[in-house]
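Visitor: Below are the chains, spelled out letter by letter.
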Amino acid sequence: AQSVTQLDSHVSVSEGTPVLLRCNYSSSYSPSLFWYVQHPNKGLQLLLKYTSAATLVKGINGFEAEFKKSETSFHLTKPSAHMSDAAEYFCVVSLTGGGNKLTFGTGTQLKVEL
Amino acid sequence: EPEVTQTPSHQVTQMGQEVILRCVPISNHLYFYWYRQILGQKVEFLVSFYNNEISEKSEIFDDQFSVERPDGSNFTLKIRSTKLEDSAMYFCASSVQPTGAYGYTFGSGTRLTVV
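Protein chains in written order, with our numbering: chain A, 1 to 114; chain B, 115 to 229.
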């Protein structure tokens, strides 16, 4: 079985300060891990993905995430938040070679203040 | 950049009515999916589809749901007799490979409201 835990339902940062959105996963097999972003009334946009290559993954809009197998974590970071980053972020896991179903976390709402 | 297109963006239907949600996946993608998100809840997997067959389905995907690829471009989700609890955002997705090595592309969703 696979699962994803997003540790914070809401995160609030000031514009220009770092962003950290936390994600822990549970998987019996080698996972593929993703971060998706959902802006209000929009679809799910892929930010970045980890599929057993480099453990530090760079995505769009300055976001990156590091896969840490020993900690079963895949936290999303950005050095400097922008107002346009305000959205809901989902950590997602898929089993490599174990099927094609995605399991979503409950989401983290990121608020960016002036 | 290629997109997954979903229509309609919003649908309001009366309880007991049939609805068909439509999706046009990316043209060279072979694997197709439906997910749903009830307001305030997680995004949940409904069904995956490959080679004109269902590959996997969740417990949610009961007999009132069906999927079809009626032609070379459309992928549809039919709900035969809608219930109030079917109200949700429904997302279509497609991928080149099943394992997500190249990611999954989602559409913008159809917001279904059952009254």
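If you are wondering where the hints come from, they were derived from the structure by calculation, not from laboratory data.
Please note that a few of the clues may not be correct.
[Claimed, not checked] The calculated label-pair distances, taken between Cβ atoms and stated as ranges, are:
(1) E115/B with P18/A: 27 to 35 Å
(2) N166/B with I60/A: 31 to 39 Å
(3) E113/A with E182/B: 43 to 51 Å
(4) R136/B with N41/A: 16 to 24 Å
(5) S14/A with T127/B: 40 to 48 Å
(6) T17/A with R194/B: 26 to 34 Å
(7) A54/A with P116/B: 36 to 44 Å
(8) I60/A with L153/B: 23 to 31 Å
No residue lacks a Cβ here, since even glycine has one placed at the ideal position from N, Cα and C.
Visitor: Starting from the hint list further up, note which numbers the structure goes against and sort them upward.
Guide: 6 and 7
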